[in-house]
Amino acid sequence: MSHHLPVLLVVIPLVAAPLAALVNRPRVSWAIALGSAWWALYAAHALLRQVMADGPIHYALGDWAAPYGIEYVIDPTNAWVLLIVALMGAVVTPYALLSIERELSKDRIPLFYAAFILCLTGLLGIAITGDVFNVFVFLEISSLSAYALIALGPDRRALTAAYQYLIMGSVGATFIVIGIGLLYVMTGTLNMADLAEILPQLEANRTIPVAFTFLTVGITLKLALFPLHLWLPNAYTYAPSAVTAFIASTATKVAVYLLLRFFFTVFGAEFSFDVMQLDKVLMPLALVAILSMSLVAIYQDNVKRLLAYSSVAQIGYMVLGISFASVLGLTAGILHLFNHALMKGALFMAMGCVMYRVGSVRIESMNGLGRAMPWTMAAFVAGGLSLIGVPLTVGFISKWYLIQAALEQGLWPVAAVVLVGSLLAVVYIWKVVEVAYFRDVDPDAGITEAPLSLLIPTWALVVANFWFGIDASATVGVAQRAAELLLRVGS
Amino acid sequence: MDDRVILRVGAKILIPFILLFALYVQFHGDYGPGGGFQAGVIFAAGFILYALVYGLGTAKRALPPQAVYVCAALGVLIYAGVGFVTLGLGGEFLAYNVLAHDPEHGQEYGILFVELGVLITVFGSMVAFFYAFAGRRKIQT
Amino acid sequence: MVELVDVAVLLLLCVTALAIIRQRNLFAAVMMAGIYSLLSAGLFVVMDAVDVAFTEAAVGAGISTVLMLGTLALVGHQEHKPKHRPILPLLVVVLTGGVLVYGTLDMPPFGDPDNPIHHHVAPHYLEESEHEIGIPNVVTSVLASYRGYDTMGETTVVFAAVVGVLLLLARGPGPRRVRVNGLWTTVVREEDPPELEGDDESGGADAPEPRESDDG
Amino acid sequence: MIGLGLFNYWVVIFLMMVGFYTLIARGNLVKKIIGLNIFQTSVFILYITMGKIAGGTAPIFVQGEQDVVYSNPVPHVLILTAIVVGVATSALGLSLVVRINEAFGTVEEDEIQDMAL
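Going down the list, the protein sequences come from chains X, C, H and W. Mapping of the first sequence onto our numbering: position 270 corresponds to residue 295, and the numbering continues sequentially without gaps. Mapping of the second sequence onto our numbering: position 66 corresponds to residue 131, and the numbering continues sequentially without gaps. Mapping of the third sequence onto our numbering: position 70 corresponds to residue 71, and the numbering continues sequentially without gaps. Mapping of the fourth sequence onto our numbering: position 87 corresponds to residue 741, and the numbering continues sequentially without gaps.
What the hints contain is simulated information worked out from the structure, not anything from laboratory work. Just to be clear, a hint being listed does not mean it is correct.
[Stated by the list, open to error] In the SDA-like style, the derived pairs of lysine to any residue whose C-alpha atoms are separated by at most 25 Å in a straight line are:
#1 C:Lys203 <-> W:Gly759
#2 C:Lys203 <-> W:Gly681
#3 C:Lys203 <-> X:Asp132
#4 C:Lys203 <-> H:Leu96
#5 H:Lys82 <-> W:Phe715
#6 H:Lys84 <-> W:Thr760
#7 X:Lys456 <-> X:Trp400
#8 C:Lys203 <-> W:Glu763
#9 H:Lys82 <-> X:Arg182
#10 H:Lys82 <-> W:Val722
#11 X:Lys131 <-> H:Ala171
#12 C:Lys203 <-> H:Phe28
#13 X:Lys305 <-> H:Lys84
#14 H:Lys84 <-> X:Asp132
#15 H:Lys84 <-> W:Ala679
#16 H:Lys84 <-> W:Thr711
#17 H:Lys82 <-> W:Phe668
#18 H:Lys82 <-> W:Ala679
#19 H:Lys84 <-> W:Glu763
#20 C:Lys203 <-> H:Gly99
#21 H:Lys84 <-> X:Leu255
#22 C:Lys203 <-> H:Gln79
#23 X:Lys305 <-> H:Gly99
#24 C:Lys203 <-> H:Asn26
Could you put the whole structure together from the sequences, leaning on the hints where they help?
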C-alpha cells in the first residue's frame, strides 16, 4: 500500500471525478469530492514524512524503468507542494458545500465537483511527476477544468475572464510544448533526471538556451508574473468564491514549483543563473511586480480584485526569493508558497462568507460588517495581518527570510522594497478594515454571521496562519531541506 | 426533409461502413495505424453524420445525451480500472504484465482494455460536444 | 521525390495560413482551417507519422470543423475590421519567431539519422517493443504501454473538456435577449428554474431541424 | 533529404508565427481560436519533423523484413496526445465563445470591453 502511495495520491481523485459526475446528486458528488480531497491530504502528508525521513521516492508507472517509462519522483520540494495543494483542496471542499449551493444552480453542482476534483488531480499530477511531457498533460487537465470553473461565476464578465485565461494559458502551454520539443531534439529524452544528466554534457549550443527561454516564458504565463499577469485579476474577481479560494492558493504555487524544477533540477543552477543570467531578469520583474501591483491594489473598489492584485505582488515575493539563487533565498521562496496559500486562502474565504450573506464584495457594501459578521471580518483582519507580515504570523516568517537573503548578498535596496511592499499592504487592508469597523451598518439589511460550515474552514486557515507563524520550525525545516537539495549543497 | 433523398440514401449507405471501419481501426491498431482514439473519432463522425442528415431529435432518440455523457466518464474509469486491477494483482500501476500468465499476453490484454477505454471516452466526448453545440438554440431577439 | 512533396506541401500550408489571416468571412476561414489540417495530415504521411496523420485528419478536418461551424451558426460569421494597427502583436511575433530561428541554428539537420533524438530512448522502443510488448505497431505500444500513463492523462483531459463544455452549454436553452431603447438586455437568466427543465428534448418538439446552416 | 537542412524548421516556425499572430492580434473570439489551432498544428509539424529519418519508414514492423530504418515513434506518440488536448481546448474555448455571445451579444473583443466597464 505505502509503496503505491505516490500513484494512488493522484489516481484516486482522478477516478473520483467521473464518479462525482455520474452520481448526479449534488450532495453525494460533494461527498465524493470531500473524500478524495481528504485522501489526497492524508497521502501527501504521509509522502512528505516519508521523503523527509528516507530520501527521494521513485515510482515507475507501468513498471517501465525511467527513462523508457514515466516515473514519479518525490523529493522534499514537490512533497511540500503536494501538501500545499492537497491541504487547500481539503479545506476548500467543505467550505464549497454551501457557498456553491448559493452561487450555482443545482443541476450544475455534480459537474462542478467533477471539474473541481479534476483541477486538484491536475495540480497534484504536475507536482509529482518526473517526466516533462507528463507535466504538460496534467497541466492541461488542471487548466481546462480551471477555465470552466472560473466561467461559472455569477457575473457575465466571468465568461470573458475565463476566455482570456484560456487564451493566455493555451499560449503558455504551447510555449512549454515548444520548449520540451527543443529539449527533446537535443537530448532524446523526456525524463527530468535524465535531462539533468545529459544537458551539462552537451557542448555549448544555441538550442538549449532557446528551449530554456520558451519554458520560462510559458511557465511565467501560467504563473502570472508581472507583466504576463493580465489574466489573473479578472479570473480571481469573477470566479465563484470557493473556486477563487482554491485556485488563488494552489495554481500559481504549482507554477512556481515548475520554475524551481526546471531552473534547478533540469537545467541546473549554474546554467540558469551563470549562463542565462536569469537573476538579472527575474529580480527587476519581481521588484516591479511587488511595488506596482501593491499600488494598483490600493485603488480597487472590489475586494476580490484588490486581493487578486495583491496576489500578483505576492508572486513577486516568491520569484524574488528564487532570483537570489541562494539557500536562504530559495528557503524564503518555498516557505512563501505555503504561507501565501494560507493567508490568501483565508482572505478569499472570508470574502466568500461576505458574498454568501451580502451578495457583493465591493468595498461600499461592507459598511459596518465588522459588527454584523464579526467572525468573518476578524478572519479577514487576521489574514490581512499575515499578508502585511506582522510578527507571530506566517507572513512575517516569509519576509524575515526574504530580507535576510537580500542582506546576505548586500542588496539592501531590495530589502527596502520588501518593506515598502508591506507598508502598501497595510494601506489596502486598512481600506477594508476602515469600512467594516468604522462605518455604520445598515440596520435594515438584516445581515447575520456566515454559517459555520463556511466559518470553520476559514478559521482553520486563520489558526494555521498563527500556528506556523509562532512555531515555524517544521515549515522552515522542510523549506530549507528542499532549497539545499535544489541547489545541490550539503548532500 | 424529402428534398434531400440523395443525402439520406447516401448517408444510409455510408454510415454502416464508417462504423465498421471504426471497429477495424480499433482492433487493427496493433498491426497498422490506428487505435482507440482514431476509432473513437471515426465512430463519432459516423454518428454525427447521422445526426446532421436525420436531425438532432432523431439522433438523440437513438442515443440519449445522458448515455453519451456516461460514455465519456466510463472510458476514464475503464482506463484507470485497468490500473487498479494491475495494482490488485500485485504489479505497479498500469503494469500489464501481471494480467496474464506470460508478459506478452498480459500486455496484449492491457492494451486491448485501455484502448477500449480511450474509444469509449473519445466517442462519448465528441458526440457530447456535438450535442452541446448543436442543441444550443440561437438567441431569440 | 519526398523532398519535392515536402516542400510543395509546406508552401501550400503557408498560402493557406496567410489566407486564413486575411479572410474576414469566418465560414471561409473555418473551411480553410480544415484544409490546413488536411494538408498537415498529408505532410505527416510523408514524414512517416501515419498514426498522427490519421488523427489529424479525423480531428482537425473533421471534429474541429464541425464544432467551429456549430459555433458560427450561433454567433454569426462576419469578422470586424481591426480598428488600429497591431504593431505590438507584430513585434511579439517577430521576436518570438526570431528567437526560435536562432534556436534552430544549432539543431541537427532535418532527417539526419545521427540526431541525438534517435539515439537515446527511441531505439529501445524500436528494438525491445517486439518482445516486451509483442505488437508490431511501435506507436501503439509506446502510446498504450510505455507511456500509457500519459494516455490516461489524455483521456482525462478529454473528459475534463466534456465536463467544462456541459457546465457551460448543456443546461438550459440560453437566455433571451431583447432590445430595449436600442440596448441589448438579457431578460431570462438561464439559472431561472423554468428554463432549466426545457432541456431534455427527447420528445420531438424540435426534432427534424437541428440548425439551418450546416448541412452542406 | 538532409540537403533540406534547416529549411523545414524555418517554414514551420513561419507557420507557427502566423497562427500566433492571428491569436494575439485579432479581436474576433472565434478567429482567435482558429489562430490557436493553426499555432498548435504547426507545433505538431515541428515535432513530427524532428522525428523523421531520411529514408526511414513508419514505425510499424512488417514480418520478415530486415534492415529497415524506422522513423522515431516518440514524437508521434507525444503529438497524438497533443492533438487530443488541442481539440479539447478548442471545444471548451468555443463553448465559452457561445456563452459570451449570449451574454454580450457580440464576439468582438473591443465591443465586449466597452460593455464590461
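Here's how the hints hold up against the structure:
no. : hint                  : verdict
1   : C:Lys203 <-> W:Gly759 : 11 Å, holds
2   : C:Lys203 <-> W:Gly681 : 22 Å, holds
3   : C:Lys203 <-> X:Asp132 : 22 Å, holds
4   : C:Lys203 <-> H:Leu96  : 41 Å, violated
5   : H:Lys82 <-> W:Phe715  : 53 Å, violated
6   : H:Lys84 <-> W:Thr760  : 16 Å, holds
7   : X:Lys456 <-> X:Trp400 : 18 Å, holds
8   : C:Lys203 <-> W:Glu763 : 20 Å, holds
9   : H:Lys82 <-> X:Arg182  : 24 Å, holds
10  : H:Lys82 <-> W:Val722  : 54 Å, violated
11  : X:Lys131 <-> H:Ala171 : 14 Å, holds
12  : C:Lys203 <-> H:Phe28  : 17 Å, holds
13  : X:Lys305 <-> H:Lys84  : 37 Å, violated
14  : H:Lys84 <-> X:Asp132  : 42 Å, violated
15  : H:Lys84 <-> W:Ala679  : 11 Å, holds
16  : H:Lys84 <-> W:Thr711  : 50 Å, violated
17  : H:Lys82 <-> W:Phe668  : 24 Å, holds
18  : H:Lys82 <-> W:Ala679  : 12 Å, holds
19  : H:Lys84 <-> W:Glu763  : 11 Å, holds
20  : C:Lys203 <-> H:Gly99  : 44 Å, violated
21  : H:Lys84 <-> X:Leu255  : 22 Å, holds
22  : C:Lys203 <-> H:Gln79  : 16 Å, holds
23  : X:Lys305 <-> H:Gly99  : 22 Å, holds
24  : C:Lys203 <-> H:Asn26  : 19 Å, holds
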